[in-house]
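Q: Chain by chain, the residues:
Number of protein chains: 2
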Amino acid sequence: MNTQTAAVKPYVIGLDLGGTNSVFGIVDARGEIKATTAIKTQGYDTAEDYVDACIEALQVIIDEVGGLELIKAMGIGAPNGNYYSGAVEFAPNLAWAHNSKVPLAKMFSERLGGIPVGLTNDANAAAVGEMTYGVARGMKNFIVLTLGTGVGSGIVINGQLVYGSDGFAGELGHVTMRRENGRLCGCGRKGCLEAYCSATGVARSAREFLEKTDEPSLLRELDPEQITSLDVSIAAGKGDALAKRIYDFTGHMLGEACADFAAFASPEAFIFFGGMTKAGDLIMEPIKKSYDEHVMPIFKGKAEFLVSGLDGSSAAVLGASAIGWEL
Amino acid sequence: MNTQTAAVKPYVIGLDLGGTNSVFGIVDARGEIKATTAIKTQGYDTAEDYVDACIEALQVIIDEVGGLELIKAMGIGAPNGNYYSGAVEFAPNLAWAHNSKVPLAKMFSERLGGIPVGLTNDANAAAVGEMTYGVARGMKNFIVLTLGTGVGSGIVINGQLVYGSDGFAGELGHVTMRRENGRLCGCGRKGCLEAYCSATGVARSAREFLEKTDEPSLLRELDPEQITSLDVSIAAGKGDALAKRIYDFTGHMLGEACADFAAFASPEAFIFFGGMTKAGDLIMEPIKKSYDEHVMPIFKGKAEFLVSGLDGSSAAVLGASAIGWEL
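Chain order of the listed sequences is A and B.
For the first sequence, the residue numbers in numbering that gives the first Met the number 0 are 0 to 326.
For the second sequence, the residue numbers in numbering that gives the first Met the number 0 are 0 to 326.
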């Protein structure tokens with residue numbers, strides 16, 4: 000092996016562009032973060048101002064690891080990120096991108112000596128991250144479901160991320176799970192998976208469950224409007240029956256959804272990513288049970304159900320950086 | 000161009016292995032069928048006997064086109080056909096394969112001088128057929144839905160057929176469309192798309208619609224147990240309001256399903272294949288209308304809705320033959 004060549008550019012930059020913070024990491028091929036920094040995502044009038052601030056922060060950690068000549072590429076995970084265009088497109092929560100297409104990949108590449116820069120949404124970045132450094136190493140067909148404020152997904156088929164005809168494929172949070180009397184979803188439609196199985200969906204379930212009965216529950220000590228999925232998880236951990244049923248309900252629906260996804264892609268694994276996976280068996284067990292009940296016999300017992308193998312706090316940066324290795 | 004090389008093996012064999020008939024075609028690269036023959040699929044005790052009979056019939060048309068040295072490869076579309084194993088696996092309707100895995104691809108290859116033989120299910124074969132000779136030429140992301148006795152599907156992503164981890168991906172007839180009080184499906188589960196939108200599903204809808212009301216309908220002249228989707232289509236063509244509503248109901252559900260499939264794969268087209276597409280606008284219009292109502296705003300207006308471009312009577316043979324060109 001030509002270690003000289005391999006050693007020339009041993010790092011990629013990852014940018015986890017979130018609604019609040021933009022977190023950067025410089026990462027090696029084994030997924031070790033060599034340097035990291037962050038800036039606020041908001042407070043810039045234009046995308047140019049945002050990129051200026053990013054480059055200023057980045058330059059410090061680039062110097063720290065030995066300079067730009069050691070950087071192979073950059074990957075960005077961003078809301079409404081489109082891989083084909085390399086742009087963040089009409090992202091409702093980003094003031095500098097809410098009514099336009101911002102070609103961030105091109106803008107960063109120009110400011111970083113022309114290195115290749117790839118951009119996609121955070122769930123797709125998570126999927127590439129799992130394939131590169133996580134539990135999906137060696138897998139060719141798997142689905143990552145990110146359970147956070149929303150439900151996102153990254154789908155890998157034949158070893159390739161599914162971007163579809165327009166770069167926006169893999170919106171599994173918006174398959175319809177309840178066609179009658181479904182909850183209103185943020186996307187404007189009704190009954191979406193995300194309206195039930197995101198962290199906000201779980202909090203909503205808690206309020207519904209509390210209203211429906213007089214059953215005692217630790218959750219009654221809280222202001223219903225302030226309940227979070229973490230509160231439900233803590234209460235369930237203390238043995239609260241109603242809280243447990245909320246996770247059963249959530250996991251049951253995720254299992255139903257995965258059974259349909261199996262009919263589509265027959266993946267070797269479903270990988271769950273994001274804050275809600277901290278609930279552990281509380282959410283994973285009902286998912287697996289419901290999947291077994293709902294999946295076509297031909298697919299039964301074939302798929303694994305895994306929790307992300309990426310380190311929690313830096314998982315999103317690792318995912319983004321993994322896009323860099325793919326370029 | 001080296002026309003000598005190109006001309007050496009100008010043909011592939013296609014085998015449409017159906018429950019009743021096994022139809023063979025020898026096809027050129029433009030999708031023209033040069034010779035065709037058929038045998039009955041049933042009446043053989045063993046798979047070997049079946050292949051013997053096939054080879055005997057095939058030899059005649061192989062000689063007709065100029066001999067085996069002009070044949071590049073063979074493709075087979077078969078129920079429960081697995082591309083990875085090249086086998087027909089536990090096909091309930093095939094006496095010589097209902098409780099075993101029959102490695103048909105290998106068996107045919109051995110009997111045909113070692114030419115490559117590929118095998119998959121009929122819906123996947125239809126998808127490759129559309130990509131090779133039909134309306135999906137040049138497309139990289141599309142979904143074929145076959146509306147026949149059942150509902151099958153062939154999914155193409157990044158220009159490749161989706162086989163999944165086990166070779167059985169693409170069972171979109173078995174996504175769950177009605178989670179409460181869903182119709183029992185042949186797969187043993189409830190509420191599957193196939194239970195409503197196959198030809199048998201349409202006939203079932205007809206019986207349900209007739210029972211529910213006293214509304215006059217041409218369909219009342221028929222024995223309810225004998226009604227077929229063709230009867231419904233003919234009645235609707237004559238302006239029968241109840242028959243039209245049955246197609247509206249069917250198309251509406253297909254549109255809902257396609258909206259979910261878009262969230263998965265964001266295809267550039269949905270292509271409908273099989274007997275029920277003969278109903279034309281009667282089925283296609285409600286599909287499109289319902290899709291527009293149900294799809295996520297981000298995907299709206301992006302996908303085309305097409306009817307198969309393969310000639311009806313030989314579509315399945317063409318699809319099977321197209322597998323041969325892929326090998």
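Hints listed in this document are in silico derivations from the structure and should not be mistaken for laboratory results.
Treat each hint with caution, since some may be false.
To be verified - No farther apart than 30 angstroms at their CA atoms in a straight line, the calculated lysine-lysine pairs in the DSS-like style are these:
id, chain 1, residue 1, chain 2, residue 2
1, A, Lys139, B, Lys211
2, B, Lys211, A, Lys189
3, B, Lys33, B, Lys71
4, A, Lys100, B, Lys139
5, B, Lys71, B, Lys100
6, B, Lys299, A, Lys301
7, A, Lys100, B, Lys105
8, A, Lys139, B, Lys139
9, B, Lys301, A, Lys105
10, B, Lys105, A, Lys287
11, A, Lys39, A, Lys100
12, B, Lys105, A, Lys299
13, A, Lys301, B, Lys189
14, A, Lys189, B, Lys100
15, B, Lys288, A, Lys189
16, B, Lys71, A, Lys189
17, B, Lys8, A, Lys139
18, A, Lys211, B, Lys189
19, A, Lys189, B, Lys243
20, A, Lys301, B, Lys139
21, B, Lys189, A, Lys287
22, B, Lys189, A, Lys243
23, B, Lys100, A, Lys301
24, A, Lys100, B, Lys301
25, B, Lys33, B, Lys189
26, A, Lys105, B, Lys299
27, B, Lys299, A, Lys189
28, A, Lys299, A, Lys288
29, B, Lys39, A, Lys189
30, A, Lys237, A, Lys301
31, B, Lys288, B, Lys211
32, A, Lys299, A, Lys243
33, A, Lys100, B, Lys287
34, A, Lys288, B, Lys287
35, B, Lys189, A, Lys299
36, A, Lys139, B, Lys287
37, B, Lys139, A, Lys105
38, A, Lys299, B, Lys100
Q: Check each numbered hint against the structure and report the violated ones by number, ascending.
A: As far as the earlier hints go, 1, 6, 7, 10, 14, 16, 17, 25, 29, 30, 34, 36 are violated by this structure, in ascending order.
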